[in-house]
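394 is the number of the first residue of the sequence shown in our numbering; add one for each residue after it.
By construction, these hints were calculated from the structure, which means they are not laboratory data.
Every residue, glycine too, gets a C-beta built ideally from N, C-alpha and C.
Warning: the hint list may mix true and false statements.
In silico BS3-like cross-links for lysine-lysine, where the CA-CA straight-line distance does not exceed 25 Å [as the list claims (entries may be wrong)]:
#	residue 1	residue 2
1	Lys-621	Lys-506
2	Lys-506	Lys-482
3	Lys-506	Lys-422
4	Lys-530	Lys-656
Using C-beta positions, here's what the derived DEER-type ranges look like [unchecked claim]:
#	residue 1	residue 2	range
5	Leu-629	Ala-531	32 to 40 Å
6	Val-417	Ala-531	17 to 25 Å
7	Gln-527	Gly-471	27 to 35 Å
8	Ala-551	Val-417	39 to 47 Å
9	Asn-574	Arg-462	41 to 49 Å
10	Met-545	Asn-428	30 to 38 Å
11	Lys-561	Pro-486	32 to 40 Å
12	Asp-460	Asp-650	38 to 46 Å
13	Asp-651	Lys-434	20 to 28 Å
14	His-541	Glu-425	38 to 46 Å
15	Lys-561	Asp-450	36 to 44 Å
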Amino acid sequence: MKSLILIVAIVLMAGCASNVEKGVVQLEKLSEITNIWQTAKEMHPAWQSLYPVCLIDGGDYTLYRADERGNWQKVDEGDIGMKLPKGVKAAFPLPFGDHEMACILDTDCFSTKEDMAIVFHEFVHCYQFATCEQDIKATMRVAQQNKHTGGMWEIEYAFPYDNELVGKTYLLMTDAAKDGNRDEVIRLRKTIRENVSEQDWEYLCWQEFKEGTARFLQNELSERLDAKPALSSRLLPINRVSFYEGGEMVIRLLMQDDPGVEKDFPELWNKIYGL
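Given these sequences and hints, build the entire structure.
Pasting the structure below:
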């Protein structure tokens with residue numbers, strides 16, 4: 394009996410030590426985020442503040458918040474209470490506490506320079522949510538008609554990705570935007586718009602705005618960090634992530650004629666939708 398008690402005690406002590414070590418490593422990585430933030434906050438208004446970071450380990454979470462100086466503190470932990478994919482990298486209102494927006498990141502995706510850039514990608518979404526997202530969605534038919542999905546429409550919307558004409562034209566449009574060919578971009582976008590519904594067009598533009606902005610800023614930061622840039626597949630059929638790169642290139646094109654538009658999110662949305 395004494396031997397059994399001793400074994401249990403050793404196991405519990407080992408578990409506690411492991412948790413302490415894990416917490417130390419996580420705080421070290423969060424401190425790295427703060428170091429990067431000193432550069433990032435000068436780059437764009439979306440990074441003026443640090444947002445909560447929720448680290449996922451299996452079904453468990455640990456929530457950290459930073460003060461105005463970038464000092465992180467663990468404020469909550471427990472069972473996340475929802476099924477998340479392995480390797481999750483996202484930003485959404487947490488299903489507990491004050492339901493605040495946070496960067497949600499698998500602990501296995503929290504070590505490289507590329508992972509650090511992704512954290513700041515998700516911070517852009519936190520900023521969008523806090524400043525303009527709800528106002529823009531209020532003007533979008535696709536958002537209003539899909540309210541019942543609890544936000545899942547942004548991922549699951551049935552865009553006609555398998556329409557070969559739309560897919561090929563979108564990739565050509567992305568290349569034209571990358572080359573700075575505004576007239577060709579306008580021509581190709583007109584072709585796309587004529588071959589999809591108005592809701593499809595809203596959805597495409599929303600993804601270009603929401604994810605394209607985050608991708609653009611992520612890659613700007615990656616260059617500063619000497620990290621690999623994020624890229625999208627060039628294969629057909631296109632998918633939602635194709636709009637990340639397309640949006641980034643459209644934003645870069647718009648910046649040529651209107652420097653600073655990337656910092657005015659409502660105006661940026663209007664220009665993407667109307668291009």
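Do the hints match the structure? See the list:
1. Lys-621 - Lys-506: holds, 8 Å
2. Lys-506 - Lys-482: Between Lys-506 and Lys-482 the Cα gap is close to 14 Å, so the pair holds against 25 Å.
3. Lys-506 - Lys-422: holds, 11 Å
4. Lys-530 - Lys-656: OK: Lys-530 and Lys-656 at ~19 Å, within 25 Å.
5. Leu-629 - Ala-531: 32 to 40 Å: holds, 34 Å
6. Val-417 - Ala-531: 17 to 25 Å: violated, 44 Å
7. Gln-527 - Gly-471: 27 to 35 Å: Holds: the Cβ-Cβ distance is about 28 Å, inside 27 to 35 Å.
8. Ala-551 - Val-417: 39 to 47 Å: Hint holds: Cβ distance 46 Å, inside 39 to 47 Å.
9. Asn-574 - Arg-462: 41 to 49 Å: holds, 45 Å
10. Met-545 - Asn-428: 30 to 38 Å: holds, 35 Å
11. Lys-561 - Pro-486: 32 to 40 Å: This hint holds: roughly 37 Å between Cβ atoms.
12. Asp-460 - Asp-650: 38 to 46 Å: holds, 40 Å
13. Asp-651 - Lys-434: 20 to 28 Å: holds, 23 Å
14. His-541 - Glu-425: 38 to 46 Å: Given about 40 Å between the Cβ atoms, the range holds.
15. Lys-561 - Asp-450: 36 to 44 Å: holds, 42 Å
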